[in-house]
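> In case you want the letters, here they are:
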Amino acid sequence: MSIELKQVSYTYMPKTPYEHKALDAVSFTLEEGSFTAIAGHTGSGKSTLVQHLNGLLHPENGQVLVDGTDLAASSKQGRKEAMAARNKVGMVFQYPEQQLFEETIAADIAFGPKNQGIEGKELEERIKESMELMGLAYDEFKDRSPFQLSGGQKRRVAIAGVLALHPKYLVLDEPTAGLDPLGREALIQTICKLHKKWKLTIVFVSHNMEDIARLADSVIIMNHGKMAIKAAPQEAFMQTELLQAAGLQEPAMLHLLHRLREAGIPVNDNAIELETGIKAIREALSDAE
Amino acid sequence: MLSNITIGQYFPGNSILHRMDPRVKVLLLLLFLLEVFLFSNAVAYGIFSAITLVMMLLSGVPLCMLLRSLKPLWWIILFTFVIHLFSNPGTPIATVWLFTLTWEGIQMGCFISLRLILLILMSSLLTFTTSPLKLTDAMESLLSPFRRFGLPAHELAMMMTIALRFIPTLIEETDKIMKAQQSRGADFTTGNVMKRLRNMVPILVPLFLSAFRRADELAMAMEARCYRGGIGRTQMKSLKTGGIDYLAIGGFVILTAALLGIKLST
Ligand SMILES: Nc1ncnc2c1ncn2[C@@H]1O[C@H](COP(=O)(O)OP(=O)(O)OP(=O)(O)O)[C@@H](O)[C@H]1O
Ligand SMILES: [Mg+2]
Chain A
1 MSIELKQVSY TYMPKTPYEH KALDAVSFTL EEGSFTAIAG HTGSGKSTLV QHLNGLLHPE
61 NGQVLVDGTD LAASSKQGRK EAMAARNKVG MVFQYPEQQL FEETIAADIA FGPKNQGIEG
121 KELEERIKES MELMGLAYDE FKDRSPFQLS GGQKRRVAIA GVLALHPKYL VLDEPTAGLD
181 PLGREALIQT ICKLHKKWKL TIVFVSHNME DIARLADSVI IMNHGKMAIK AAPQEAFMQT
241 ELLQAAGLQE PAMLHLLHRL REAGIPVNDN AIELETGIKA IREALSDAE
Chain B
1 MLSNITIGQY FPGNSILHRM DPRVKVLLLL LFLLEVFLFS NAVAYGIFSA ITLVMMLLSG
61 VPLCMLLRSL KPLWWIILFT FVIHLFSNPG TPIATVWLFT LTWEGIQMGC FISLRLILLI
121 LMSSLLTFTT SPLKLTDAME SLLSPFRRFG LPAHELAMMM TIALRFIPTL IEETDKIMKA
181 QQSRGADFTT GNVMKRLRNM VPILVPLFLS AFRRADELAM AMEARCYRGG IGRTQMKSLK
241 TGGIDYLAIG GFVILTAALL GIKLST
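In order, the protein sequence lines correspond to chains A and B.
204 is the number that UniProt numbering gives to position 204 of the first sequence; each next residue is one higher, with no gaps.
255 is the number that UniProt numbering gives to position 255 of the second sequence; each next residue is one higher, with no gaps.
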């Protein structure tokens, strides 16, 4: 079971002077249970790419298969299956708090499940569950207006609204953009929990190499609509030239280790996380003594 | 979905029409449309059609795009044509129930439809070759003489500029909110009118909220930069009337003279 992209291309506003090829023959497979990060410079096509994962955009060329079902199927039977497949993929947009519209938080979270035909006791269960997952106490928040919340809380409500759909795959487009450091960390921990405890397959778009290094088990680097790298973060960050060509920088820790090495200090320079990096430097120091 | 709408249908380019002073373009267009109404003999219409065709070719805008601007009004054109077919007294050709098709009717129908088509094509040529911002500048400049009668020319133009500036932003936002709600299973394409209207609520509420927020922020930002309205403001790209424009005006004067001559001689 997986999401599979085969040679996906997409052009915005084709056949006009504003034509722009946003994706160019992108192919990869996202296995169930994986945690994939997507990185790339501004305008490299990340958002366009993730919108293909639940059929919001249909590829101009190529195919998107969710658990083997083609999302762009056009036959009547095919459309029904495609709808069902789309429901397996939950999508959290950039600044999701802008999509809140109901009078109470509970009603807003209920919007998705209601569209799926869920009612009564089960609906309430789902609301409660997804609010607790996102760290919003049900009794305290359910009857409050979403517009009275802080930005970070609003975002939690919006993500809860997607979780209430019980997706199997969860796609997050820059979920931490614009949050303060504490809010960021809390949200990242929540995403980790969703991955580990709830066995959700996660795809997340991020600019933060440190986050990618410690969270993801695989990273896709986009460059001008093409996929430049798909590998484990460890390997991806070693390809410094490709990274730089894609307008990205290796994690700060790795950068430091590289610089130390250039300066003639023999450190082990394949640590991408803070802790392992510190360990590598300690080892080099004790060796020197 | 919504991404295919281009606002003001401006088609970037560098043709003669693109380089003309927008004020001259607007004035000549208005006069041209007036003449289309005033001179309604066959020769004049031949000339008008020829001019429109030449302009279309000069503009460098693909013909299919120009013709597409007729599409929304296609039914009106057809309707006018049919009405005129049957509502003119004259030599009868055929009778359908209560209505008589007349020879004069056919002529009149063709005439009126052609008039409509010319009106639409010429006006869309203006919007195809003039960016919305230039158009508002032209409007401000053309309306400024009326300021002394209390017409807020600058304010009107500023309002239009802001509206034009934010339409693409709002479309983008609508697109995004729509996609977000679709991801939560919202359905905007099925059901009867009432149901569809109700389905719009999840889009409209966030859209209005953000529009109000934006308006607020913009007002604040303008005030912070000491915006005080129109008096004494200059423009970064001021409009200039050049050689092409005098040529066009000259051509137009000759055209008018010729049309008057034809009209008087018949
Ligand atoms: N609705 C649209 N219409 C036309 N072009 C678009 C549209 N959306 C995106 N593009 C273009 O497609 C390209 C890819 O956009 P996309 O939003 O996928 O980039 P991104 O990698 O998500 O960037 P960011 O990091 O800024 O979010 C950009 O160059 C953008 O200008
Ligand atoms: Mg993006």
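These aren't lab readings, by the way, just hints derived from the structure by calculation.
For clarity, every value in this text was computed on a predicted model and none was experimentally measured.
There may be inaccurate statements among the hints.
The list that follows gives simulated cross-link-like pairs (lysine-lysine, DSBU-like), each with its CA atoms no further than 35 Å apart [unchecked claim]:
id: 1; chain 1: A; residue 1: Lys-128; chain 2: B; residue 2: Lys-195
id: 2; chain 1: A; residue 1: Lys-21; chain 2: B; residue 2: Lys-71
id: 3; chain 1: A; residue 1: Lys-6; chain 2: B; residue 2: Lys-240
id: 4; chain 1: A; residue 1: Lys-88; chain 2: B; residue 2: Lys-71
id: 5; chain 1: A; residue 1: Lys-128; chain 2: B; residue 2: Lys-71
id: 6; chain 1: A; residue 1: Lys-168; chain 2: B; residue 2: Lys-237
id: 7; chain 1: B; residue 1: Lys-263; chain 2: A; residue 2: Lys-15
id: 8; chain 1: A; residue 1: Lys-80; chain 2: B; residue 2: Lys-237
id: 9; chain 1: A; residue 1: Lys-76; chain 2: B; residue 2: Lys-195
id: 10; chain 1: A; residue 1: Lys-114; chain 2: A; residue 2: Lys-197
id: 11; chain 1: B; residue 1: Lys-71; chain 2: A; residue 2: Lys-114
id: 12; chain 1: B; residue 1: Lys-237; chain 2: A; residue 2: Lys-88
id: 13; chain 1: B; residue 1: Lys-71; chain 2: A; residue 2: Lys-230
id: 14; chain 1: A; residue 1: Lys-80; chain 2: A; residue 2: Lys-114
id: 15; chain 1: A; residue 1: Lys-128; chain 2: A; residue 2: Lys-142
> Run every hint past the structure and note whether it holds.
Comparing the hints with the structure gives:
| no. | hint | in the structure |
| --- | --- | --- |
| 1 | A/Lys-128 <-> B/Lys-195 | 28 Å, holds |
| 2 | A/Lys-21 <-> B/Lys-71 | 28 Å, holds |
| 3 | A/Lys-6 <-> B/Lys-240 | 53 Å, violated |
| 4 | A/Lys-88 <-> B/Lys-71 | 40 Å, violated |
| 5 | A/Lys-128 <-> B/Lys-71 | 51 Å, violated |
| 6 | A/Lys-168 <-> B/Lys-237 | 54 Å, violated |
| 7 | B/Lys-263 <-> A/Lys-15 | 45 Å, violated |
| 8 | A/Lys-80 <-> B/Lys-237 | 54 Å, violated |
| 9 | A/Lys-76 <-> B/Lys-195 | 23 Å, holds |
| 10 | A/Lys-114 <-> A/Lys-197 | 25 Å, holds |
| 11 | B/Lys-71 <-> A/Lys-114 | 39 Å, violated |
| 12 | B/Lys-237 <-> A/Lys-88 | 52 Å, violated |
| 13 | B/Lys-71 <-> A/Lys-230 | 47 Å, violated |
| 14 | A/Lys-80 <-> A/Lys-114 | 18 Å, holds |
| 15 | A/Lys-128 <-> A/Lys-142 | 9 Å, holds |
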